[in-house]
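Chemist: Join the two chains into one complex using the hints; note that each chain is given alone, in its own frame.
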Amino acid sequence: MAEPTQERRTDYGPPHYEKFLPPIIKKNYGKWKYHEILKPGVMVHVSETGDKLYTVRASSGRLISVDKIRMYCDLADKYCDGYLRFTSRHNVEFLTDKQENIDPLIKDLQEMGHPVGGIGNAISSMVHTQGWIHCHSAATDASGIVKAVMDDLIEYFEEMKLPGKLRIALACCLNMCGAVHCSDIAILGIHRRPPKIDHEKLHKMCEIPNVTASCPTAAIRPATVDGKQSVEIIEEQCMFCANCYTVCPSLPLNDPLNDGVSIWVGGKVSNARHEPMFSKLAIPYLPNNPPRGPETVEAVRGLVELWAKNAKKYERMGEWIERIGWPRFFKMAGIEFQKEHIDDFKHAGLTYKRSTHLTY
Amino acid sequence: MSDALPKTPKLDELEKGKWPSFVTEIKMAAKKSPMCRDLLGQLEQSYEEKIGYWKHGGIVGVMGYGGGVIGRYSDLPEKYPNISHFHTMRINQPAGWFYNTDALRKICDIWEEHGSGITNMHGSTGDIILLGTTTDELEPTFSELQKIDFDIGGSGSDVRTPSCCCGMARCEWSCYDTMKACYDLTQAYQDEIHRPAFPYKFKFKFSGCPNDCVASMARADMSIIGIWRDDIQVDRAAVTEYAKNGMDIKADVVDNCPARCMDWDGKEIHIDNQFCRRCMHCINVMPKALAPGKDRGAAILLGSKAPIIEGALLSSVLIPFYKMEPPYEELKDLLERIWDLWCEEGKNRERVGEFIQRVGMGNFLEAIELEPVPEMIAHPRENPYVFYEEYFEEDEGEEEESES
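Sequences listed follow chains H and R, in order. Start counting the first sequence at 1; every next residue gets the next number (my numbering). Start counting the second sequence at 361; every next residue gets the next number (my numbering).
Bound-form chain R, shown alone (with noise of 0.2 Å):
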């Protein structure tokens, strides 16, 4: 084979432009790696004929871990023999996204000797994305990673490497330590993330503020949204020096409050904060005169998914505010519940979300154990069909229980 790149013109097309060039990054490691020259190859007849030349999946991975490996075969081996395997292999991340040089050199190197050189950082959900090794590469790559402590992530129908936002690291809004309880629940639940034993995938992505940076609201099984319980924390020094220069907190702060729980006299901002929807957009336009409550904690919502299969879903409130101390005992006795229920009577590949969606939400509540609250709902509903399940027994002339 020769050490020469294909010819690509067509991609070589988005090697021009401001914005970052993947085309440019998969040449730069073509020049060690063969596999990323038949990667360009495979990719410029991807674009000539409209149509991608992967194979459907594989099941591959490393000795006695179920999922983090994704198996990937090119469709014209005959052409393209150094990708007639191409894994990826996801890794999971340090909470936040920290790094620092020596131990992403490391990385570097690893992935140099053993894979294709091209990495994702990061994939969607989170990890460190290694594009494109052997099978046989699959294992050596682990035993590297061991030594400089970076494990595999999840994959198919486990724990999925759960991901959080840079929390009280760097930010003044986080309402509890994000990346804290990312990394508490990722040990947790080393187990569930590296064998897949569920019905299907289950997300975790920790905010700390309805902000929502890490997107948790539309992507994770379990969404944990920092939230405070008190009053908005005011300067009103700092509110004046806003209003001095320039800002119109009348147009730009108040009449943009959802819930219409402020004002502005002119001198001096009021909150009534029993009305407070907590949505930040207030603390976002004024971060030096306003700030979240001081009782922080997190609220607990569940069931986000993309469409496939029943629609896409968005996380639903299943508690409202919780205080997210270490070790998060009832949290994590919560979510057990949920697992124990959704794996005993959930369908194959029927998402939590869609599993309430199917059984109720009011019988999940009733099966895990946990208290209807009017925070769960937009509304009440509005179709009579209700399954009642008390009734008056004749003859007794008593309420009866049932037992059922």
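Next up, chain H with everything else stripped away, as it sits in the complex (with noise of 0.2 Å):
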């Protein structure tokens, strides 16, 4: 480790956001009174002053190097008095008061290669994880399929045509870093193999106490291979979760021939109507196919444009599919049903049909 530099400092915390804030914000902050989409993209908050707020909301990509950072802070010094913002699903949001500057920087972000959307009854960005570019547990990469299934479904950010809102998150392994558990469509990155434990270097690198209590299905004991201390694994309990692969490196679980992605559906965040929910299992695998992953992005529009047809206005995926019930969406969907979409972990009952109420 570096030796530590003069007059250091600590815990002094990030920067008080007040300084970051344009001067038409603060002076009306929590003065707003309503607000307006204009167009995709583009929206408009009126205050009790009467002051309004113009904001262009453009995709970022999520990575992005400084260079580009630097381009966008050339817009916002040109059209935005030297500020802006980000969101929590990686756009960028230009924030002004004059309405003149709306069309041209449009015009300057779409040449940048910036998507303008993402705001109403449209795909907000993807949010995602790190995948190959940074993670040593991932099962699929992150940015590829993400870069992948928005360049197909362009159009549902660029507009504004569907019933409600759609947030679809993809996640790179079970640990899910990107929280896609709560999204109308996640997809998910799976290992479908138990670890392979390399007993020579296990006993030097992790604790075994540890390593069995870390397996939630109690599937990894203690044992002695080869003289040195090691585990084993009940390879029929392993839902390979690779929670033991976090608490120990020596037993991977990362597998190019089966290895690949699930995809969810049916989740929401937001309390409107009604009350948030997880996600549920609809496609248990598909395989990793890089570069594109065109099977994902099929897969996935396909699901978008099955809701955007079907769903009354304003319903989320998994209000429609609530309404219509889970057979006659696997029906319209195409998707076989299969015994890995029946849980069968904690409280899988309550995920049963208790009732009668059917339809044929």
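No wet-lab data here; the hints were simulated from the structure. Be careful, since some hints might not be right.
Think about it this way: if two alpha-carbon atoms lie no more than 30 Å apart in a straight line, the pair counts; the simulated DSBU-like pairs of lysine-lysine are [unchecked claim]:
| hint | chain 1 | residue 1 | chain 2 | residue 2 |
| --- | --- | --- | --- | --- |
| 1 | R | 561 | H | 196 |
| 2 | R | 378 | H | 313 |
| 3 | R | 415 | R | 387 |
| 4 | R | 683 | H | 31 |
| 5 | R | 561 | H | 280 |
| 6 | R | 439 | H | 196 |
| 7 | R | 392 | H | 107 |
| 8 | H | 33 | R | 654 |
| 9 | R | 378 | H | 107 |
| 10 | R | 610 | H | 309 |
| 11 | R | 683 | H | 26 |
| 12 | R | 466 | H | 98 |
| 13 | R | 376 | H | 107 |
| 14 | H | 31 | R | 415 |
| 15 | H | 52 | R | 370 |
| 16 | R | 391 | H | 33 |
| 17 | R | 610 | H | 161 |
| 18 | R | 610 | H | 107 |
| 19 | H | 39 | R | 387 |
| 20 | R | 378 | R | 392 |
| 21 | H | 204 | R | 439 |
| 22 | R | 392 | H | 313 |
| 23 | R | 439 | H | 201 |
| 24 | R | 391 | H | 107 |
| 25 | H | 204 | R | 707 |
Modeler: Structure, rendered in structure tokens:
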């Protein structure tokens, strides 16, 4: 570790947000009265004071170079008095009180290759994780699939022609750094084979009690292998969660032949209308097929369009499926219902159909 | 080493199409950064072979901090020496992700000099992610960040960098000042953010209204979600205006009300507020006409998390309404009682939501000295296996309160 530098400060926290607020926001802080979506990617917030603040939202793509951030800064200096913000879904937002700046700004953004949209009844940018760019436990890449899926669905980002909001997210393993478990559509990287135990290294790198305790199904037991302290795994009990790998590097699950993605549907976070819901399994397995993962792109588009065609106005994916019922959903989506769709973890019984509310 | 970019036929496919391309971004940075050239090489190999090539973690950081830096090493260091170290630094974002260009440019300059020049704006938890540098550059990077007042965020078993929606800065629905609260608690818990001392991570997210734009319900151990107690504010003239402009108020608004507490008689909207669930739908559809009430605050919920280890959880209600006014003393007291209990009794890598599942919400509430209220549950228990703690003693004939 490098030597600390002089005059070292610690624990001062982030800079105060006030210094980053445009004057119009400072003046109207807490005084906003209503807002309107003017066109895709553009909204206006109107204050009690009569002031108007225009927002232009564009996809950032999440992984951006410092040169791209500088280009955003140039735009913010040109159109927004040097202020900008980002959103919780990796969008970049330009805020201005000058309505005449909107169209030139959009033109510049589009020329830079950053689509404007993601507001209202549209798909916003996908929340996602690091994948093969930076993570040891990734069962699939993240940025590549997201790029391919959003290239395909760009019309739904740039226009507002969906029945309601649609949130898509991707997590490259079950750790779900992208917390995809409450998304309308979630793409989740999965392993399908148990860890390959490195008996040579395990006793040097891992604490065996931690390893055995890490398994949610108690499938890992201490064992002596070739005279070395190690573990054994009851393979039938392994559900490929990779929690053991998180605590012990000598238990890798990555497997190019069997890793892939699963597709989940019907989750939501917002409390609007229906309470928040978890996403549920729609497609248990699709292969990793880099660079563009055509199977995943096609599956996601199919789900988006099925919902778009059949949902009522404002109805989120999960609300629509709840109305029509899961058997109808599987039939309409052309997805074969399999054993994997039925829960077998904790409280699984609560997910069984416990009524005769059936459709035929 | 050559300055030329490695051949990346697979990744090049991801420069096509209209969505912004991360490959283009890495290539942009690779003009100046040998790290990014090797990153492209290794990533292309991952795309060829369908497997990642990063080693499992590693403990690195800056002096005095135990979190905020994610150690990362290539599994193929001979082939890609410039990413043999490729650590991530998490930098605590300003509340609401607002910036001026001066601050952003300074961050860019620092990262171009000391790291790979690629970033995530932002990571899932909310931090500015500076993606990829060597161990030797961590301390100099932090030193430069100190000069521009940006501090490192959380990682590991600590308070993770709190995040919030833009709240009152740009939203009429914010029922409390999310940015102020987020900043206040971030500053109050600097030690807990920088020095992992918990059983596992603890996340805060501050949403100004039940639309929950920062996904606090699903992604925060403590979800602080703005809400109001009194009646929805109605601008009758504006309702009429919506109707006049062609909105089908019955179909679009009234029929979507989950509490069925609204009526539209063709002229006026009637809301029976005692049954309103504060779901936001009607307000979302008619933002000019309807607004949250004036008695505003927040609902405090606890326990959400992703699946690892014991399954995913959504947060559940702990305090149905809290005024959310600085200095948030009652909230901080409650929080510290929760942390004390969880640190004492929680198992290694057990999130607070899982801890509650294990010990039972009733016992948990008793331990943190909070009275149970019906708002905390979806419904009362369905099973009769009750751990009764009060009973009559023989001979005494009077109720004896158990001391346990």
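Chemist: Would you mind marking each hint as holding or not holding in the structure?
Modeler: Right, here's what the structure says about each hint:
no.	hint	verdict
1	R:561 - H:196	holds, 28 Å
2	R:378 - H:313	holds, 28 Å
3	R:415 - R:387	holds, 23 Å
4	R:683 - H:31	holds, 19 Å
5	R:561 - H:280	holds, 25 Å
6	R:439 - H:196	holds, 24 Å
7	R:392 - H:107	holds, 28 Å
8	H:33 - R:654	holds, 13 Å
9	R:378 - H:107	holds, 14 Å
10	R:610 - H:309	holds, 22 Å
11	R:683 - H:26	holds, 23 Å
12	R:466 - H:98	holds, 27 Å
13	R:376 - H:107	holds, 20 Å
14	H:31 - R:415	violated, 50 Å
15	H:52 - R:370	violated, 46 Å
16	R:391 - H:33	violated, 47 Å
17	R:610 - H:161	holds, 22 Å
18	R:610 - H:107	violated, 39 Å
19	H:39 - R:387	violated, 33 Å
20	R:378 - R:392	holds, 25 Å
21	H:204 - R:439	holds, 26 Å
22	R:392 - H:313	violated, 49 Å
23	R:439 - H:201	holds, 23 Å
24	R:391 - H:107	holds, 27 Å
25	H:204 - R:707	holds, 24 Å
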